[in-house]
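Asker: Chains U and V, in that order, are what the protein sequence lines are.
Numbers given in this note's numbering equal positions in the first sequence, counted from 1, plus 123.
The second sequence: position 245 = 243 (this note's numbering), numbered continuously.
Since the hints were made in silico from the structure, they are not lab data.
Backbone N, C-alpha and C fix where the C-beta goes; we use that ideal spot for every residue, glycine too.
It is possible that part of the hints are untrue.
One-sided and incomplete, this derived list gives chain V residues near chain U with beta-carbon spacing under 7 angstroms [as the list claims (entries may be wrong)]:
1. Val172
2. Val234
3. Thr276
Pairwise CB distance ranges (calculated) [as the list claims (entries may be wrong)]:
4. U/Gly165 x V/Ala35: 27 to 37 angstroms
5. V/Asn16 x U/Ile137: 15 to 25 angstroms
6. U/Thr297 x V/Asn261: 23 to 33 angstroms
7. V/Arg244 x U/Gly282: 20 to 30 angstroms
8. U/Glu322 x V/Asp79: 29 to 39 angstroms
9. V/Ile65 x U/Ser145: 49 to 59 angstroms
10. U/Asn187 x V/Thr70: 32 to 42 angstroms
11. V/Gly82 x U/Ala128: 19 to 29 angstroms
12. V/Ile65 x U/Thr131: 39 to 49 angstroms
13. U/Thr268 x V/Asn16: 50 to 60 angstroms
14. U/Gly282 x V/Ser114: 39 to 49 angstroms
15. U/Pro270 x V/Asp4: 47 to 57 angstroms
16. U/Ser284 x V/Thr167: 51 to 61 angstroms
Distance condition first, Cα-Cα at most 25 angstroms in a straight line; then the derived SDA-like pairs of lysine to any residue [stated by the list, open to error]:
17. V/Lys43 x U/Gly307
18. V/Lys76 x U/Gly285
19. V/Lys76 x U/Ala290
20. V/Lys76 x U/Ala281
21. V/Lys43 x V/Gly243
22. V/Lys76 x U/Thr291
23. V/Lys76 x U/Lys144
24. V/Lys76 x U/Thr283
25. V/Lys76 x U/Asp252
26. V/Lys76 x U/Gln372
27. V/Lys134 x U/Gly253
28. U/Lys144 x V/Ile236
29. V/Lys76 x U/Arg247
30. V/Lys134 x V/Glu180
31. V/Lys76 x U/Thr287
32. V/Lys76 x U/Tyr248
33. V/Lys134 x U/Ala290
34. V/Lys76 x U/Gly314
35. V/Lys76 x U/Met257
36. V/Lys76 x U/Gly307
37. V/Lys43 x U/Thr235
38. V/Lys76 x U/Ser284
39. V/Lys76 x U/Gln312
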Amino acid sequence: MGAYADYTAYRAAIDAPSEWKSLTREDGNDLYQFVQGRSLWGQSAPAAGGAPDRTTTGALGQQNGASELRIVAVTALDYAGYTSGNYSIPHLTLIADRLSHMSGCTWNSASTQTTNLPTPALTRYTSGDGVWAMYENYTASFSSTVPRTYTVSYTNQAGTSGRTSPATVSFITTNSGFDTGDVGLIPLQQGDSGIRSIESFTHSNTVDTGGNVGFTLFKPLLWIPSLPYGETCERDALLMLGAQLPVIQTDACLFAIHFVLDRINGRISNGRIAADLKFHDA
Amino acid sequence: MTAFADLSEIVNRVTGGNSGTPQFLNVWKDNRVGSSAAANLVAQKMTSLWQYNGTPSDGAAPGGSVINPDNTTTGGIKQNDPSGGRQLWLLGAQAMSSRAGMLVLYDRLLTISGLSGTVTTAQTVGGSLTRYTDGKGNEIWAEIYTAIGATARTISASYTNTAAASGQTSRSAVFGGTGSNEAQRIIPISLASGDTGVEAVASVTIGGGSTGTAGDFGINIVHRLHSFPIHGPGGVCIRNFVTEGRIIEIPTDACLAWAFFANGVESTTAPVMMASLTLAER
Chain U
124 MGAYADYTAY RAAIDAPSEW KSLTREDGND LYQFVQGRSL WGQSAPAAGG
174 APDRTTTGAL GQQNGASELR IVAVTALDYA GYTSGNYSIP HLTLIADRLS
224 HMSGCTWNSA STQTTNLPTP ALTRYTSGDG VWAMYENYTA SFSSTVPRTY
274 TVSYTNQAGT SGRTSPATVS FITTNSGFDT GDVGLIPLQQ GDSGIRSIES
324 FTHSNTVDTG GNVGFTLFKP LLWIPSLPYG ETCERDALLM LGAQLPVIQT
374 DACLFAIHFV LDRINGRISN GRIAADLKFH DA
Chain V
-1 MTAFADLSEI VNRVTGGNSG TPQFLNVWKD NRVGSSAAAN LVAQKMTSLW
49 QYNGTPSDGA APGGSVINPD NTTTGGIKQN DPSGGRQLWL LGAQAMSSRA
99 GMLVLYDRLL TISGLSGTVT TAQTVGGSLT RYTDGKGNEI WAEIYTAIGA
149 TARTISASYT NTAAASGQTS RSAVFGGTGS NEAQRIIPIS LASGDTGVEA
199 VASVTIGGGS TGTAGDFGIN IVHRLHSFPI HGPGGVCIRN FVTEGRIIEI
249 PTDACLAWAF FANGVESTTA PVMMASLTLA ER
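Kindly generate the complete structure, drawing on both the sequences and the hints.
Answerer: Written out as structure tokens, the structure is:
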């Protein structure tokens, strides 16, 4: 078992899923245009962290499948993405498997930081191939001066340590900062296609308020584009979401990230997502 | 080549049945090249995302000897090749960009760099194709890696067309000057009247004199696979090729890469993009 024999079997899976899980998260703060996205993990800083799984507080908490578990459909009511004119800012929500996380670093240092690093070892997707990394802010930070950049030292998908990410912008706008949950993706050194662990973090300069920042490794699974303001519909993963049907690994720690790609004009005010995910164990 | 029998077979193979070996690939690109911001967009001009930081990593300028990139080339999406005599098919995709325009997914067939914006005699390209060898649908793109000069000139190519007739002379394209001299800029070179593709490029020639700065540019022979319209900043384009009746073959060894065609440009800031691709074998 694992594969659907035919479309009838797949359609039956949508009509009679193994499990429904509701994903309801609300952003307390506006998601401003100078950050890439907002993690909807919603938990306090993990400190030394760990390798979360489906039982970790904050995870969606789906049941493991006996065969192959997939998300076959999504029903989403999405308020996110309005400004004073109440029109939608396009964005997307990523459902991902949260593989490893920690916190305890600060933006207010120009020294190489190793607090609570390296990130805890992966227990899923252990090669690191296709694993993405992001910084994740747990308390607010602020910089009156820009630009600021950062790099991380990491081990890549081949197990080679000492890799260095390209210098990437942290604070992009004067007098800007990060709110709790703000995230930014970390690009890889030329030649790499994934990441196993982050060993250290270096910020270019000190800032006014350093906050508490950590690093999260995750596997992207399902991209859900935003709906127009206040609308809802059910979307079939095969026929309406670009045939995204990856297998959800045993003990996956599923969570959501909002990405606002328009870093110039985008802004999500009081962003909210209420989605039902249909799981099916084929 | 044997086509998918019906939707049921697609469902079966994309969920792993009958050696479908599905691949769910995720890509993101930051609007930075190395440690610097990428060059600004120009309205109605194409930009190469080949060197953009991201996951998988950026690619490099190919160098002064022609190469045939493949699915292991750094900078490409690095999908796995099909096996067992099967073909690989793109069944669905989502593409997102922070800027409005068109994201272009293409196969990078042949490439060379190290050409000069100040040389006004024919500059050799050469080499031969290993995919789409009949030339049909192949295009010639000039790609700038280090900015060339501020003086607008033209560029033309001497090439072999799909009838294996060598010595064809392309139309001239604007080359150099604002909008056509920046790093990461792509200058498509139109074919001669009546031609529908390219088997080889013998040389390119800058016409009208030097652009003023040598810089570093290259020539690519590419095969465009799909264009994803992005209607507004932060927009998402979902492609359900299955229901659209147009699944796309990804040839063995394809070097999949991205380019961006800017629209009227509400902002010149280079784009951030994300994409998911679903592939399966048949």
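Asker: Against which earlier hints does the structure fall short, listed by number upward?
Answerer: 1, 7, 17, 21, 23, 27, 30, 33 and 37
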